[in-house]
Structure formats: C-alpha cells, structure tokens
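The numbering of the sequence shown is this note's numbering, which starts it at 6 and goes up by one.
Possibly wrong hints are sitting among the right ones.
[Stated by the list, open to error] In silico DSS-like links for lysine-lysine, alpha-carbon gap of 30 Å or less:
no.	residue 1	residue 2
1	Lys-287	Lys-37
2	Lys-160	Lys-37
3	Lys-160	Lys-218
4	Lys-218	Lys-287
5	Lys-160	Lys-287
Just so you know, the hints here were simulated from the structure itself, not pulled from any lab data.
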Amino acid sequence: MSDTTTPPQSVARQRNADRELNAARLLRASAKHSYDPLTEIDWSAPVDPDHYALPAHRVALYGTPLWERLDERARARLSVHQFASTTAAGIWFELVLMEGLIRHVYAGDLTTGHAQYALTEVADECRHSTMFARYITATGYPSARPTRRADRLGKLHFLLNDTTMTFAGAIFVEEFTDAMQREMVRDESLQPLARAVARIHVVEEARHIGYAKPELERRWAAMTTARRAVFRRALALLARHAVAEVVHPRVYALAGLDPAGARRAAEANPHWRQARIDWARKALEFFTDLGVLTPATARSWRRAALLP
Numbered sequence: 006m007s008d009t010t011t012p013p014q015s016v017a018r019q020r021n022a023d024r025e026l027n028a029a030r031l032l033r034a035s036a037k038h039s040y041d042p043l044t045e046i047d048w049s050a051p052v053d054p055d056h057y058a059l060p061a062h063r064v065a066l067y068g069t070p071l072w073e074r075l076d077e078r079a080r081a082r083l084s085v086h087q088f089a090s091t092t093a094a095g096i097w098f099e100l101v102l103m104e105g106l107i108r109h110v111y112a113g114d115l116t117t118g119h120a121q122y123a124l125t126e127v128a129d130e131c132r133h134s135t136m137f138a139r140y141i142t143a144t145g146y147p148s149a150r151p152t153r154r155a156d157r158l159g160k161l162h163f164l165l166n167d168t169t170m171t172f173a174g175a176i177f178v179e180e181f182t183d184a185m186q187r188e189m190v191r192d193e194s195l196q197p198l199a200r201a202v203a204r205i206h207v208v209e210e211a212r213h214i215g216y217a218k219p220e221l222e223r224r225w226a227a228m229t230t231a232r233r234a235v236f237r238r239a240l241a242l243l244a245r246h247a248v249a250e251v252v253h254p255r256v257y258a259l260a261g262l263d264p265a266g267a268r269r270a271a272e273a274n275p276h277w278r279q280a281r282i283d284w285a286r287k288a289l290e291f292f293t294d295l296g297v298l299t300p301a302t303a304r305s306w307r308r309a310a311l312l313p
C-alpha cells in the first residue's frame with residue numbers, strides 16, 4: 006500500500022507559496038489604491054457644528070433619557086466626539102499592531118513578498134494614525150491618549166509578544182471599525198470630514214484583513230488543544246476591552262454629563278448594544294467558522310455585548 010501522506014516539506018512549500026500569492030495580490034492592490042490623507046483630505050474646510058459624524062442611532066446614548074435632554078446641536082457634537090474617541094482608540098490599536106508587524110518581519114525573510122507586505126501595512130497604519138490625529142485636532146476633541154486600562158493592556162501585549170493574538174486582534178478591530186465606517190461612507194447626511202476619513206480607512210483596511218485572516222488560519226491549525234483554550238478566552242477579553250475603548254468617558258464629560266452615569270446608560274441601551282453586535286458580526290462569523298469562538302466561550306462575547 007502506498008503512503009499518500011503529504012511530506013511536511015511539501016506542506017511547508019505550499020504554505021509559503023500561498024503566502025506569496027496572497028502578498029503579491031495585496032502589494033498590487035496597495036500600489037493602485039493607497040492614499041495620503043494629508044493631501045487627499047481638505048483639512049482646512051470648516052467643520053459644521055450641526056453635522057453628525059455618526060448616524061444618530063449609532064451614538065451610544067441614542068434613545069436614552071440623557072439623549073432626550075440634549076438639543077440637536079449637542080447630539081451632533083456628541084456624535085463627533087464619539088467618532089473622535091473611536092479614532093483615538095484606533096491610534097492606540099494601530100500602534101500595537103505596528104509593533105507586532107515589525108516583530109513579525111524581524112523574525113522573517115525580508116526578500117519575501119509576505120514580509121514586504123507587512124512593511125507596506127505598517128506604512129498604511131502610520132498614515133492612518135496621522136489621519137486620525139488630524140481629525141481629532143480638527144474637531145477640538147482634547148486628546149488622542151487611550152484610557153489607563155488600554156494603556157496597560159497595550160504594554161502587556163508588548164511584553165507577551167504574541168504575534169498570533171496580534172493578527173486575531175487586528176481581524177476583530179478592523180472588521181468592527183470597517184462595518185461602522187461603511188455605514189458612514191454610505192450616509193451622505195454626515196459630516197464630510199468624518200466620511201473622508203472613513204472612506205480612506207475602509208479601502209486600505211480591507212487589505213489588512215486579507216493579510217491577517219490566512220495568517221491566523223495557519224497559526225490556529227498549528228496550535229495545541231491547550232493553547233487554543235487559552236487563546237479563545239484571551240481574545241474575548243481583548244475584544245471586550247477594545248470595544249470599551251471606542252467611547253472614552255471624556256466623551257460624556259464634554260457633553261456636560263456625568264461620565265459614570267452616562268456610561269451605565271450606554272451599557273443598558275439596546276440601540277448601542279445592537280450597534281456593537283452589528284459591527285462585530287463579520288469578525289465573529291470568521292472566528293466561529295475557524296473554531297476560535299465556540300459555545301463554551303460565547304458567554305464572554307455576549308457579556309461584551311458583541312453577540313445577541
């Protein structure tokens with residue numbers, strides 16, 4: 006009887022060939038569809054205080070008694086501050102992602118397309134972080150710094166140097182923000198500056214997702230059962246903290262509200278819960294198909310208001 010088992014060397018060659026084909030595709034797309042936000046966006050245009058940055062029903066306090074207390078301009082301003090807070094969280098996560106990608110490249114072969122695309126993605130993320138910082142400045146939002154909790158979590162990730170978690174976190178965060186920003190791009194009633202930022206981010210983040218997903222699939226396939234169990238719970242925790250960072254407590258303080266009370270109102274708000282579920286859907290479908298999200302860990306995702 007002949008042995009039909011594929012030799013490990015053949016598996017490795019095929020894996021590397023697949024990586025290179027994907028990298029070549031992503032590098033071609035980057036060459037055609039990369040943007041410099043410093044020149045693509047008109048940063049000198051005035052920001053209309055009556056324009057929402059997010060659809061009203063996607064603002065965390067929409068439909069609550071606190072929302073009813075605000076006049077229309079204050080509601081619009083709250084949406085602008087919420088999106089500015091989201092971009093600040095984006096800077097925090099992109100810095101963590103860039104550090105992980107640099108470490109990934111450092112351990113690899115820079116003559117490969119796979120490594121060269123990682124560097125291309127770092128360049129994209131540098132521009133995105135600059136774009137987000139410019140948006141924060143343009144809207145008068147007071148800080149691009151994350152919460153102390155997120156700052157500690159980022160530093161812990163640097164110490165652990167878990168590249169697999171970097172890719173998984175990138176998939177979750179980028180799919181989450183992609184869903185949110187696609188809604189913004191489609192809604193022509195929203196603030197032009199916010200939509201311009203969202204449009205650039207949507208185009209370029211699609212490539213980043215296309216890089217991270219097959220990499221996570223390869224790494225997941227090689228994990229032991231024990232490692233998978235730990236990874237599942239760690240990713241759910243990371244996702245919960247990442248989503249909590251989207252609306253910094255200062256957003257509520259800027260609206261003249263008690264941050265603690267407003268946060269409790271947002272957490273109890275079914276509209277805000279549905280927004281998070283909608284934006285997380287694609288990432289969680291991918292994690293479910295891969296086996297990262299299981300019935301045993303679904304409770305953690307549900308507690309974070311990311312599953313119905």
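Structure-based check of all given hints:
1. Lys-287 - Lys-37: Answer holds: Lys-287 to Lys-37 is near 26 Å, not above 30 Å.
2. Lys-160 - Lys-37: Given that 30 Å is the threshold and the Cα spacing comes to 35 Å, the pair is violated.
3. Lys-160 - Lys-218: Holds: Lys-160 and Lys-218 sit about 24 Å apart, inside 30 Å.
4. Lys-218 - Lys-287: holds, 12 Å
5. Lys-160 - Lys-287: holds, 28 Å
Consistency note: the structure conflicts with earlier hint 2 alone.
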